[in-house]
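*Asks:* If you want the building blocks of each chain, they are given just below.
Protein chains: 2
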Amino acid sequence: MQLYSMPSSGNSLKARVLLALTGKPADIVDCEAGSDALVRAKAQGVLPFGKLPTLVLDDGQALAESNAILWYLGEDTPFIPDDATLRAQMLGWMFWEQYNHEPVIAVRQALVSYPHRAAEATPERLADLLERGHGVLQVMEDRLAKADWLAGDQVSLADISLYGYTCTAGSRGGFDMDRFPAIGRWLDRIAALPGVLDA
Amino acid sequence: MQLYSMPSSGNSLKARVLLALTGKPADIVDCEAGSDALVRAKAQGVLPFGKLPTLVLDDGQALAESNAILWYLGEDTPFIPDDATLRAQMLGWMFWEQYNHEPVIAVRQALVSYPHRAAEATPERLADLLERGHGVLQVMEDRLAKADWLAGDQVSLADISLYGYTCTAGSRGGFDMDRFPAIGRWLDRIAALPGVLDA
Chain A
0 MQLYSMPSSG NSLKARVLLA LTGKPADIVD CEAGSDALVR AKAQGVLPFG
50 KLPTLVLDDG QALAESNAIL WYLGEDTPFI PDDATLRAQM LGWMFWEQYN
100 HEPVIAVRQA LVSYPHRAAE ATPERLADLL ERGHGVLQVM EDRLAKADWL
150 AGDQVSLADI SLYGYTCTAG SRGGFDMDRF PAIGRWLDRI AALPGVLDA
Chain B
0 MQLYSMPSSG NSLKARVLLA LTGKPADIVD CEAGSDALVR AKAQGVLPFG
50 KLPTLVLDDG QALAESNAIL WYLGEDTPFI PDDATLRAQM LGWMFWEQYN
100 HEPVIAVRQA LVSYPHRAAE ATPERLADLL ERGHGVLQVM EDRLAKADWL
150 AGDQVSLADI SLYGYTCTAG SRGGFDMDRF PAIGRWLDRI AALPGVLDA
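Protein sequences appear in the order of chains A and B. In terms of numbering that gives the first Met the number 0, the first sequence is numbered consecutively and its last residue is 198. In terms of numbering that gives the first Met the number 0, the second sequence is numbered consecutively and its last residue is 198.
All the given hints hold, so there is nothing to weed out.
Computed list of lysine-lysine pairs in DSSO-like fashion (alpha-carbon distance at most 30 Å, straight line): (1) Lys23/B - Lys50/B; (2) Lys50/B - Lys145/A; (3) Lys145/B - Lys41/A; (4) Lys23/A - Lys41/A; (5) Lys41/B - Lys145/A; (6) Lys50/A - Lys23/A; (7) Lys145/B - Lys50/A; (8) Lys41/B - Lys23/B.
Think of the hints as simulated: they come from the structure by calculation, not from any bench. Quick caveat, the model's predicted, so the values are computed rather than measured.
This is chain A alone, in the form it adopts within the complex (with noise of 0.2 Å):
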């Protein structure tokens, strides 16, 4: 397999993160934002989706989607419950990441990041998603209050799905995160993983 990962993205990181967990063999292929790399790519036509990450399988067929990615490359893995109800919410959070945290913690993150974003960065605009960042978060430092995990008692996907844009919340999108301490030692905790440090 091929994993066409963005260094600076988030959404690249859950499957190096995913990859470095598991074992599973797969080239990554980095594509920053405005390289060479990420032209070539997309005149070779391996990305038919146009988005990064992207994973190229051993047939040629190429998944989009970081949390899809996730799911094909957790299967049969320790990452995915055995548990039906345990599957479930582990997807809930999943999908929410996608509709309630990406939209906010990310994008905050790329306004403040990317020059090509900065006539975004209002400071109104910051500052709603500053606001709204830090309810974003209220909901996972309640969960992470009272378990070590955000599905189960164990790590799955849902924790390394959440870690893509949460652990740089702070450094680099300005979010307060010592209001969370419990998101702080989850981060710990992950970052203690075998490999994902240099993922």
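Knowing the structure of chain A, use the given hints to seat chain B on it.
*Replies:* For chain B alone, coordinates are given in the frame of chain A:
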């Protein structure tokens, strides 16, 4: 099981459609926005996430997130494909639905339909949502012009998920569905499945 469902919501419709198609038994509790039934359900504590739809399982646990509920109800049915690549493609459409489709297609319907959101429905916002919505629908059209279903060659959870808000995109959302004939035929195929129109 009990499905707490908002009759006017596409997210709730998805779950009702899948219950009809699978024949799995669940009591449906209507909780329209602003209804006494919704106030009562919240007071009873059966909506721990404060969201609809919520599926309350026989052991009392509650599941939120419409697409996670679809997954739970779809397990061990033909609505989840046996093939791992197709499963990931199906989930890819479902994550795309929450990130790209719902925030545009459903939001325009809500702004136009719900009196309490009329203040947000500025001409500029409605025009922007219309243009972006046609782009979103074109992605579905491109797939459905060459295949009967979104993932693989059978109806799956991806179709049920996207049906939720696409079936009223023209009538409630004001999107120009004449541009998307393949979507029209796909909507007819779903509506012809037993029980869907009564769901």
